[in-house]
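Enquirer: Chains Y and L are the protein sequences, given in the same order. Just add 2 to the spot in the first sequence (first one is 1) and you have this note's numbering. For the second sequence, position 47 (counting from the first letter as 1) is numbered 43 according to this note's numbering, and the numbering increases by one without interruption.
Derived from the structure by calculation, the hints contain no laboratory data. It should be emphasised that the depicted structure is a prediction, and the values quoted were computed from it without experimental measurement. Among the hints, erroneous ones may be present.
Here are the simulated distance ranges between beta carbons [as the list claims (entries may be wrong)]:
| hint | chain 1 | residue 1 | chain 2 | residue 2 | range |
| --- | --- | --- | --- | --- | --- |
| 1 | L | Ala78 | Y | Gln186 | 49 to 59 Å |
| 2 | L | Tyr153 | Y | Ala132 | 51 to 61 Å |
| 3 | Y | Asn110 | L | Gly54 | 47 to 57 Å |
| 4 | Y | Leu175 | L | Gln184 | 34 to 44 Å |
| 5 | L | Ile258 | Y | Gly168 | 54 to 64 Å |
| 6 | Y | Asn134 | L | Leu279 | 34 to 44 Å |
| 7 | Y | His62 | L | Leu290 | 52 to 62 Å |
| 8 | L | Tyr153 | Y | Gly32 | 30 to 40 Å |
| 9 | Y | Glu123 | L | Leu279 | 54 to 64 Å |
Among chain L residues calculated to face chain Y with C-beta under 7 Å, some are [stated by the list, open to error]:
| hint | residue |
| --- | --- |
| 10 | Leu161 |
| 11 | Met163 |
| 12 | Leu164 |
| 13 | Ala167 |
| 14 | Asn171 |
| 15 | Gly179 |
The C-beta atom is built at its ideal place from N, Cα and C for all residues, glycine as well.
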Amino acid sequence: MTDLLTVDAIDTFYGRSQVLFGMSLAIKAGEVVTLMGRNGMGKTTTIRSIMGLTPAARGHIRFRDAEIRGLPSYRVAKVGVGLVPEGRQIFPNLSVKENLIATASNRNGSAQPWTYERVIELFPRLAERAGNMGSQLSGGEQQMLAVGRALMTNPHLLILDEATEGLAPLIRLEIWHCLERLKQAGQSILVVDKNVDALTKLANRHYVIEKGRVVWQGNSAELQAAPDIQHRYLGI
Amino acid sequence: MLLIFEQFLNGLQIGLLLFLLAAGLTLVFGIMDMVNLAHGSLYMMGAYFAAVFTEWTGSFFLGAALALPAGALLGIAVEVIALRTLYTRDHLDQVLATFGLILFFNELARLMFGAGGMTIQTPDWLQGQIMVLPGLPYPSYRFLIILVGLLCAAFLYVLVQRTRLGMLIRAGASNREMVGALGVNIKQLFTLVFGLGSALAALAGLMAGPVTTVQIGMGDNILILALVVIVIGGIGSLPGAFIAALAIGIIDTMGRAFLPNILGSFLSPSEASTLATALSSMLIYILMAAVLVLRPAGLFPAPGR
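Go ahead and model the full structure; you've got the sequences and the hints to work with.
Expert: Take a look at the structure:
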């Protein structure tokens, strides 16, 4: 089976300073894969490179067998990558419902597309706030909204960047639970997070990165059996 | 009292024309972070188009109906050819380049339409007066400007607040990158918004044409006022532009009409008239300064900026 997404030896720069050094990873359809590492090691930059927001200078990024490196971000989104960005970045001046439907699309012809109703079913809390402005939501509600907004573009691959950062433990659980449901429904997911315990339960495989390159990869059992890796690269 | 009401209507009329111009300007500034000084040129070209088409068709309304799409197309051409390359540049580059466009359009108008200026002939039934209140006649055409301005404001409100396109425009004003990352071609969206803004500027120009004269440079002064409007209203905010445009139109008109009398009641006539002239042309800038001191981002800033 071929990969859904292959990132192959990309180099990415912010101005003159290089952040990614031959970063590589691969995700198969239906897999949940994590990207872990300390702050400033290039996790968000990897995601921005995939999305075309901070284009990679060298290397290849293939999505469903087509090269997407160099595409503007709206075209990356259109081929089926849905982004839940760091800091959530919901639209504060749009209502909850508007946030969900403004960019919604079933452009890849999903048989059971995500609709407003299905997102509300996944996050009943959002229904109570449908008429509120994005800026009036709590952090957890904003996170649910950001996930819902990405789902409504009906992506082949959902990317979550620090989806539980700064959230209360109960809300965190709710988000994990939702990701579990998405996984069971066959959604491919790339998660950036620091919460190793929750991630080992959820994900199939893990990449640990340091200074812009992968230093360790393996499945959940292997990660749990490698406390030295956790300690050395994740500070646990 | 009737005089005050009449001046109020005059102020409203100028304010609504200003709003038509400021609406496009504030959307362009809000979404693309682009200062477009050439917006006044689109206003001027709209007036010229209307003058030419009215002469050609013999009907003011047909002329206007042709001038609007012409204005929109001209705006889209300007955006695709010239402005698109400027989005990533800093504001000074944008100011210089679009100032160049003002000079270009002024010369273009001189070549195409002559240096003498043109008039737009309105139909006879618009040249009389109507009774807006018992005992208060008001020029029909100026009343039409008010109606059209209010209709446009309502149209824009529905477009921006109630449609999918409007949601994307608002989302784009608060977080352009994210709108792109969710699959929307923001360049295309922006060309559309720019065309809409240009049509509104052309509409303002062609509505003003019969009242003033259609002449070279007619957009330059009103552009300054429109810039004041979007600064007061908050960049990227249509409601802000609406309220600020009306406030400026009314304050400016009222100031010019009544300051001489008010000052004359406690100053000598010559002092009063000198001071009133100076003060009334400064009023709106005093207002702008006051708003900026109290609310540096304007009255209704688009969130997320």
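Enquirer: Hint by hint, say whether it matches the structure.
Expert: Now for the hints, and whether the structure bears them out:
1. L:Ala78 with Y:Gln186: 49 to 59 Å: Holds - the Cβ-Cβ distance for L:Ala78 and Y:Gln186, about 53 Å, lies within 49 to 59 Å.
2. L:Tyr153 with Y:Ala132: 51 to 61 Å: Violated, at about 21 Å.
3. Y:Asn110 with L:Gly54: 47 to 57 Å: holds (54 Å)
4. Y:Leu175 with L:Gln184: 34 to 44 Å: Taking Cβ atoms as reference, Y:Leu175 and L:Gln184 lie about 41 Å apart, which means the hint holds.
5. L:Ile258 with Y:Gly168: 54 to 64 Å: Check passed, 57 Å falls within 54 to 64 Å.
6. Y:Asn134 with L:Leu279: 34 to 44 Å: About 39 Å separates the Cβ atoms of Y:Asn134 and L:Leu279, which means 34 to 44 Å holds.
7. Y:His62 with L:Leu290: 52 to 62 Å: holds (54 Å)
8. L:Tyr153 with Y:Gly32: 30 to 40 Å: At roughly 46 Å between Cβ atoms, Y:Gly32 and L:Tyr153 fall outside 30 to 40 Å, so the hint is violated.
9. Y:Glu123 with L:Leu279: 54 to 64 Å: Since the Cβ atoms of Y:Glu123 and L:Leu279 sit about 56 Å apart, the hinted range of 54 to 64 Å holds.
10. Leu161: With a minimum Cβ separation of about 9 Å from chain Y (threshold 7 Å), the hint on L:Leu161 is violated.
11. Met163: holds (4 Å)
12. Leu164: Because about 6 Å separates L:Leu164 from the closest Cβ in chain Y, which is inside the 7 Å limit, the hint holds.
13. Ala167: Hint on L:Ala167: holds, closest Cβ of chain Y at ~4 Å, below 7 Å.
14. Asn171: holds (6 Å)
15. Gly179: With Cβ-Cβ at 3 Å, under 7 Å, it holds.
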